[in-house]
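Q: Sequence:
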Amino acid sequence: STEGVQTVDAETLRLIYQNIEELSNLGDYEQAELLKRFVSEELEPGNVPSNINFDEAFENWKKKQLHNEIYQVSSEWGVNDVILEKAVEAYSVAKPDEIPYIDDLTNSIDFALIEDPKTSNLLEHNIALSKELPEIVSKLKKKYKKI
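With my numbering as the guide, the letters of the sequence shown map in order to residues 1 to 147.
Just so you know, these hints were derived from the structure itself, not from any lab. Misleading hints may appear alongside valid ones.
Calculated lysine-lysine pairs in the DSS-like style (CA-CA distance at most 27 angstroms, straight line) [unchecked claim]: (1) K118 <-> K36; (2) K141 <-> K95; (3) K146 <-> K86.
This one's a predicted model, so the numbers in the text were calculated from it and none came from an experiment.
Let the hints inform the model, and build the full structure from the sequences given.
A: Printed below as a string of structure tokens:
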């Protein structure tokens, strides 16, 4: 640690990437990819404060990435991003077909705000969203799960 930020030497960095590769080989590809991005975007350039441990910094970074993806998806589908974030947080992989706050999500749709609508009207949009939502929410939940 130097000047209030975490620093890593070449050997430590090599070991970190080796551990990330092992994580990927053990089947946790999504987490390994997120860790790789975190190390290259945050740790290597010196963006991680020394008063925060690595795991906490990584979890905080993941929350920010999740929030950004949720905002992107909500803009794409015209749903409220706060409700979508609550749905992802409350989603249980044990019940893959149950999307929390589904009614709130569909009621929050503002079809006029969708830049590139996938359908020609709100009804078709609701049907398309209902089909896609389980996959979207499940993917986000699994990708950004806590380690």
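Q: Is the straight-line distance between the alpha-carbon of K141 and that of K95 27 angstroms or less?
A: It holds: about 12 angstroms lies between the C-alpha atoms, which stays within 27 angstroms.
Q: Between K118 and K36, is the straight-line Cα distance small enough, at 27 angstroms or below?
A: With a Cα-Cα distance of about 33 angstroms, the restraint between K118 and K36 is violated, given a limit of 27 angstroms.
Q: So if I understand the rule, the pair passes when the alpha-carbon distance is 27 angstroms or less; does K146 with K86 pass?
A: Given that 27 angstroms is the threshold and the Cα spacing comes to 16 angstroms, the pair holds.
Consistency with the previously given hints fails for number 1 only.
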